[in-house]
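A.B. asks: As you go down the protein sequences, you meet chains A and B in turn. Read in order, the letters of the first sequence are residues 1 to 265 in the working numbering. Read in order, the letters of the second sequence are residues 1 to 254 in the working numbering.
To be clear, the hints were calculated from the coordinates, so they are not data collected in a lab. For every residue, glycine included, the Cβ atom is placed at its ideal position computed from N, Cα and C.
Computed footprint of chain B on chain A, listed as stretches where at least three residues anywhere in the stretch have a Cβ under 8 Å from a Cβ of chain B:
#: 1; stretch: 20 to 27
#: 2; stretch: 237 to 245
Which residues of chain B face chain A? A partial, calculated answer using Cβ under 10 Å:
#: 3; residue: Leu19
#: 4; residue: Gly20
#: 5; residue: Val107
#: 6; residue: Gly192
#: 7; residue: Met210
#: 8; residue: Leu231
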Amino acid sequence: MSGSAVLDADGPRGYALLNHPLFLKATAGLVLLCLWEGVVRWLAPPYVARPSGIAQVILGVLGNAEFLSAAGATLSAVALGLFISLITGTLIGFLMGRIMLLEQGLRYYVNSLFATPMVAIMPLLTLWFGYNTDARLAAVVFAGFFSVTVNACEGARSAPLECLEVAHSFRARPWSTLFDVIFPSSLPYLIAGVRLAAGRARVAAVVAEFFISIPGLGYYILYNSRTFHHNEAFVAVIVLVAAGVGFEAFTRWLTRRYFPWHRPR
Amino acid sequence: MNLNSPWLRGATVAASLALGAVIWEVTGRYTSDAFWAPLSATLSSLREVAVNGVLLRQAMSSFQLYIAGLALAVVVGAPFGMLLARVRWLRVALEDYVLMLYSTPMVALIPFLLSMMGFGFAPKVLVVFLFAVFPVLYNTIEGARSIKPELIEVAQSFRSGEWQLWRDVMIPYTLSFTMTGVRQAIARGLVGMVAAEFFLSPSGLGQMIMMGSQNFDTAGMLAAILLIVLLGVGLMDLGRALEKRFAVWRGYNP
Numbered sequence: 001m002s003g004s005a006v007l008d009a010d011g012p013r014g015y016a017l018l019n020h021p022l023f024l025k026a027t028a029g030l031v032l033l034c035l036w037e038g039v040v041r042w043l044a045p046p047y048v049a050r051p052s053g054i055a056q057v058i059l060g061v062l063g064n065a066e067f068l069s070a071a072g073a074t075l076s077a078v079a080l081g082l083f084i085s086l087i088t089g090t091l092i093g094f095l096m097g098r099i100m101l102l103e104q105g106l107r108y109y110v111n112s113l114f115a116t117p118m119v120a121i122m123p124l125l126t127l128w129f130g131y132n133t134d135a136r137l138a139a140v141v142f143a144g145f146f147s148v149t150v151n152a153c154e155g156a157r158s159a160p161l162e163c164l165e166v167a168h169s170f171r172a173r174p175w176s177t178l179f180d181v182i183f184p185s186s187l188p189y190l191i192a193g194v195r196l197a198a199g200r201a202r203v204a205a206v207v208a209e210f211f212i213s214i215p216g217l218g219y220y221i222l223y224n225s226r227t228f229h230h231n232e233a234f235v236a237v238i239v240l241v242a243a244g245v246g247f248e249a250f251t252r253w254l255t256r257r258y259f260p261w262h263r264p265r
Numbered sequence: 001m002n003l004n005s006p007w008l009r010g011a012t013v014a015a016s017l018a019l020g021a022v023i024w025e026v027t028g029r030y031t032s033d034a035f036w037a038p039l040s041a042t043l044s045s046l047r048e049v050a051v052n053g054v055l056l057r058q059a060m061s062s063f064q065l066y067i068a069g070l071a072l073a074v075v076v077g078a079p080f081g082m083l084l085a086r087v088r089w090l091r092v093a094l095e096d097y098v099l100m101l102y103s104t105p106m107v108a109l110i111p112f113l114l115s116m117m118g119f120g121f122a123p124k125v126l127v128v129f130l131f132a133v134f135p136v137l138y139n140t141i142e143g144a145r146s147i148k149p150e151l152i153e154v155a156q157s158f159r160s161g162e163w164q165l166w167r168d169v170m171i172p173y174t175l176s177f178t179m180t181g182v183r184q185a186i187a188r189g190l191v192g193m194v195a196a197e198f199f200l201s202p203s204g205l206g207q208m209i210m211m212g213s214q215n216f217d218t219a220g221m222l223a224a225i226l227l228i229v230l231l232g233v234g235l236m237d238l239g240r241a242l243e244k245r246f247a248v249w250r251g252y253n254p
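Could you put the whole structure together from the sequences, leaning on the hints where they help?
C.D. replies: Listed below in C-alpha cells is the structure:
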C-alpha cells in the first residue's frame, strides 16, 4: 500500500519502470514459474506437474463436465457448511458472550474443540454419518463452527458499555438490544471468524473427500495423482486456491469498506 | 451473589466438566459401541496403551515428526521473512505469492508428495513444514510492512551498520509479529502432523486413531482423539503465551 509511493520516490527517474510494483510482481511470478519448470524438468520424473504441462491441460480440465461438477460439489458443500456454522455459531457465540453462566460452562468445550485439528475427528465423523456427502458437510461445519463461535463471543463482549447502558435505560427489549447494539458492534469479529472458518472449511472438505472418496475436488486430486496425472490434479489445487484468495479479498474489502475503524488481526 | 468470585467460577467450570463427563458416560452406555464409547471404557483403553508402551512409542514418533517440521518452518520462515522485511523490492515482488501460498490448503498437496516421495519420514516432515512455514513467513512480512521508515532513517543517520540495524531495529520490531505466525504455525503444524500420519505412511497418534476406527475399537479411537484434543489445547496455550510474551515489544497489549 505505502510501498508504491516510497518506491517511486526512491529510485532515480530512469528506473521508475524497474521499480514499479506491478513490474516487480510480474517478474517475480515469471521467475518462480521458470524455476519450477526448470527444477521439475531437471530433477523430477516426467509425470510431475509443471507450468507448461498445466498450461496444456488447464483449458481441457476446466471445460470438463466431470471436473466442473466435482468443483461445484466441493465448493457448494463448503458454502453451505459455512452458512450453517455462521448461523449456529453466531447464535451460540452471542449467548456465550452475554450470559456469563453459559460462557463459563461452555468455554472449555468450545476452546478445546476450536484447538482440535479437524483431521483427527474425521474417522469418527465417517462412523456417525457414513461414507457419504453428509460426512463431508459435517466435517465442514465442525471446522467452521468453533472459529465463528469464538469470534462471535468475543464480538458480543466488545459491545461498548455506554451503548448497552443507554439501551438499558431506554428500556430496550433484549431482542432489540441484540439486533441494534450487539450485532452491529460485533460484525467485524464475525467477518474475522468467517474468514478463519473459510480456510479451515476448505481443508475439511478436501480431507473428507480423501477419506470417503466422494466426487469433489479433493477426490479429483487423489484419483489423478494416483494415476500419475499430476498436471490435471494440479488444476484442482489452483481452483481451491483461487476460491480461497477470492473469498479472502472479498472479506478484506468488506472490512475496509464498511468497518474502517476495525483493526484486522 | 458476586458472579465474578473465583470460587463460583471454579465451581461452574468444575460442574460443567463433570456434567460433560456424565453425558459422555451415559450416551456411551446407551448407544451402539460402533458409534460412541463410554468415558470409562475410553480411559481404561488409554490406561492399557499407556501401560503396554504403545502410547509412549507412538507419541514419540508423532512428536519427532511435529518438532522436526515446526523447527524447520521457524528456522526457514523467520529469517527469510526478515530478509524480505529489509529488502523492500524483494518484498514487493514476493508478498502476493506468499499470501497465495498462505491461503493454499496444503492438505491438497499431500497426494502429490505421496506419489513423488513415497512413504518415508522426509515427506511427512515436508508436510508439517508446508503447513507451518507460511504463517510464520506471512506474519513476519506483515510485521515488516509496519516498521516505521523513520526508525530505519534514524538508525542510518546515526551511522549504524547493517548488522546493528538488524539487531536493534529489524529483529526486535518484527519478532512479535513472527510470534503471531509461530502461534498459527503451532496449530497448523498439528493438523499437518495428523494429516501426514493419516494419508502418507500410518504412524504415531494418527495411526492409533486409524487402527481404532478400522478395528471398530471405538474406545481406542476416542482415547487417541482425546489425547490429540488435549495436545491441541496445550499447544494453543503455549502459542498464546509465546505471542503474549513478545507482544509487549509492540508497545501495547492486545
